[in-house]
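Trainee: Here is what each chain is made of, one letter per residue.
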Amino acid sequence: MKVILRHPKREMELAGRRRVKELLNELDILPGTVLVIRGSELLTIDAVVGEEDVIELRPVISGGGA
Amino acid sequence: MKCRKCGGTAVLELRRHNVAFCAPDFLEFFRRQVNEAVRRHRMFTRDESLLVAVSGGKDSLALWDVLLEEGYSATGLYLDLGIFDYSRESRAKCEAFAAGRGAPLRIVSVEQEVGAAIPEVRAATRRPTCSACGLSKRYLMNKAALEHGFPVVATGHNLDDEAATLFGSVLHWQTEPLARQSPALPSTHPKLVRRVKPLYRLSELETAAYAFLRGIDYIVEECPFAKGATSLLHKDILNRLEDASPGAKHNFLYGFLEKGRAAFEQASPVELNECVRCGQVTTGTLCAFCKLADQVKRSR
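Sequences listed follow chains A and B, in order. Per this note's numbering, the first sequence starts with residue 1, numbered consecutively. Per this note's numbering, the second sequence starts with residue 1001, numbered consecutively.
Fair warning: there could be bad hints in the mix.
Now the in silico label distances, taken between C-beta atoms and shown as ranges [unchecked claim]:
#1 A:9 / B:1148: 36 to 46 Å
#2 A:27 / B:1237: 55 to 65 Å
#3 A:10 / B:1018: 47 to 57 Å
#4 B:1279 / A:7: 34 to 44 Å
#5 A:30 / B:1134: 24 to 34 Å
#6 A:4 / B:1089: 16 to 26 Å
#7 B:1300 / A:14: 20 to 30 Å
#8 A:4 / B:1104: 30 to 40 Å
#9 B:1177 / A:51: 46 to 56 Å
#10 B:1187 / A:11: 44 to 54 Å
#11 A:19 / B:1134: 31 to 41 Å
#12 A:29 / B:1255: 20 to 30 Å
#13 A:14 / B:1265: 50 to 60 Å
Just so you have them, the derived chain A footprint on chain B, three or more residues with Cβ under 8 Å [what the hints assert, rightly or not]:
#14 1055-1063
#15 1075-1085
#16 1102-1110
#17 1113-1126
#18 1282-1291
Residues from chain A that face chain B, not an exhaustive set, calculated with beta carbons under 7 Å [claimed, not checked]:
#19 29
#20 33
#21 35
#22 42
#23 60
#24 61
#25 63
These are computed hints drawn from the structure, not numbers from a lab. Every value quoted in this text rests on a predicted model; they were computed, and no experiment measured them. Where is the CB? At the ideal position from N, CA and C, for every residue including glycine.
Work out the full structure, taking the sequences as your base and the hints as a guide.
Mentor: Structure (structure tokens):
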């Protein structure tokens, strides 16, 4: 599957099916800090993602501000 | 995962509430939380015109969207910080949103008001960039609201922003910021408009999910000057706590608002004056914004 990451924007290829929770674990990303996007849908951590999927992990944390 | 309400496929799990929702039920939950924030803190009435500070990011555009959907008269205010491509892109997002919704948008240039854009302000002062930027934004929001007759300014601060601010203030026991931290700051001077944060009950994940599900085209990239900001470090610490103990941020913030804040408020009475130069409200004689503008001038 293709995984799109941000800050900076980059892509990586991963082989095999897995649950979103496992994907986030592998990438050391805390659930709750990213939207997991497949096309026009949001996925919860128990969803299974497969070889053909394009998954965007979009950070939700905004910084700065005072 | 199933939606707690209808049993359909869930799109978002809210661990701190121990629920998951499908898209329509999540959007309904989101609107309910905003309405509850407005009601609980008497933020504004249906008759008032609201000025909504928008940055092009998920929080402020989600806020503007939900207020328009709820039938409020909400005008956007975009402060152009002059931060290279980031500002150009974020301004374009705000303009596109306003055009799509037929909503009015006012634009104020920081460069015109301060005498320099944020990158130059950053170079001219010893303040952290986010601090100088935040100071300018608060001043210009108030000024714009006063000039155009808005009684209230709404900002997109969410639960994570508020918890991180509280965490930073507690770490240093900054009693004045602790006294001022509230979802609704009343007008305590004729030249100070009310400031409200209708998203304070919603996490950053929830505002991002709302923006995504509503099809809002927001700027995902971060401000280039936010890198290394202390607030991001505090958010990271709180997110680790939240992961191990869902509800930690919610309990930290709500506990402070319900049990802690009043003590600081009583201990920190503030005398308000009008700045001798610009006439805006300050605790001294020359306001912090005019001092900042002076610093920029001297650096040239």
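Trainee: Run every hint past the structure and note whether it holds.
Mentor: Against the structure, the hints come out as follows:
Judged by the Cβ atoms, the range 36 to 46 Å given for residue 9 (chain A) and residue 1148 (chain B) holds: they are separated by roughly 38 Å. Against the hinted window of 55 to 65 Å, the Cβ-Cβ separation of residue 27 (chain A) and residue 1237 (chain B) comes to about 20 Å, which falls outside the hint. In this structure, residue 10 (chain A) and residue 1018 (chain B) break the distance hint of 47 to 57 Å, their C-beta atoms being roughly 34 Å apart. The hinted range of 34 to 44 Å is satisfied by residue 1279 (chain B) and residue 7 (chain A), whose Cβ atoms lie roughly 41 Å apart.
Restraint check, residue 30 (chain A) to residue 1134 (chain B): a C-beta distance of roughly 26 Å satisfies the suggested window 24 to 34 Å. Against the hinted window of 16 to 26 Å, the Cβ-Cβ separation of residue 4 (chain A) and residue 1089 (chain B) comes to about 18 Å, which satisfies the hint. Checked against the given bound of 20 to 30 Å, the beta carbons of residue 1300 (chain B) and residue 14 (chain A), roughly 52 Å apart, lie outside it. Against the hinted window of 30 to 40 Å, the Cβ-Cβ separation of residue 4 (chain A) and residue 1104 (chain B) comes to about 35 Å, which satisfies the hint.
In this structure, residue 1177 (chain B) and residue 51 (chain A) meet the distance hint of 46 to 56 Å, their C-beta atoms being roughly 51 Å apart. In this structure, residue 1187 (chain B) and residue 11 (chain A) meet the distance hint of 44 to 54 Å, their C-beta atoms being roughly 49 Å apart. The hinted window of 31 to 41 Å between residue 19 (chain A) and residue 1134 (chain B) holds, with their beta carbons roughly 40 Å apart. Distance hint for residue 29 (chain A) and residue 1255 (chain B): a CB-CB separation of about 28 Å, consistent with the stated range 20 to 30 Å.
At about 52 Å, the CB distance of residue 14 (chain A) to residue 1265 (chain B) agrees with the hint of 50 to 60 Å. Only when three residues or more bring their CB closer than 8 Å to a CB of chain A does the claim for the region 1055-1063 of chain B stand; here the count is 3, and the claim holds. Remark: the region 1075-1085 of chain B is not confirmed as covered by chain A, as 0 of its residues place a Cβ nearer than 8 Å to a Cβ of that chain, below the required three. Figure legend: the region 1102-1110 of chain B, annotated as covered by chain A; annotation inconsistent (0 residues with Cβ-Cβ distances under 8 Å, at least 3 required).
Counting residues of the region 1113-1126 of chain B whose CB lies closer than 8 Å to any CB of chain A gives 0, which falls below the minimum of 3, so the coverage claim is violated. Proximity of the region 1282-1291 of chain B to chain A, defined as three or more residues with a beta carbon under 8 Å from a beta carbon of that chain, is not established by the 0 residues found. At a threshold of 7 Å, the smallest CB-CB gap from residue 29 (chain A) to chain B is about 10 Å, leaving the interface hint violated. Taking 7 Å as the C-beta cut-off, the interface hint given for residue 33 (chain A) holds, the closest approach to chain B being about 6 Å.
The restraint placing residue 35 (chain A) at the interface with chain B holds, with a minimum CB-CB distance near 5 Å, inside the 7 Å limit. Restraint check, residue 42 (chain A) versus chain B: the minimum CB separation of about 4 Å is within 7 Å; hint holds. The restraint placing residue 60 (chain A) at the interface with chain B holds, with a minimum CB-CB distance near 4 Å, inside the 7 Å limit. Interface restraint check for residue 61 (chain A): the shortest CB-CB distance to chain B comes to about 6 Å, inside 7 Å, so the restraint holds.
With a cut of 7 Å, the hint placing residue 63 (chain A) at the interface with chain B holds, because the nearest CB-to-CB distance is about 3 Å.
Checked against the numbered hints above, the structure breaks hints 2, 3, 7, 15, 16, 17, 18, 19 and satisfies the rest.
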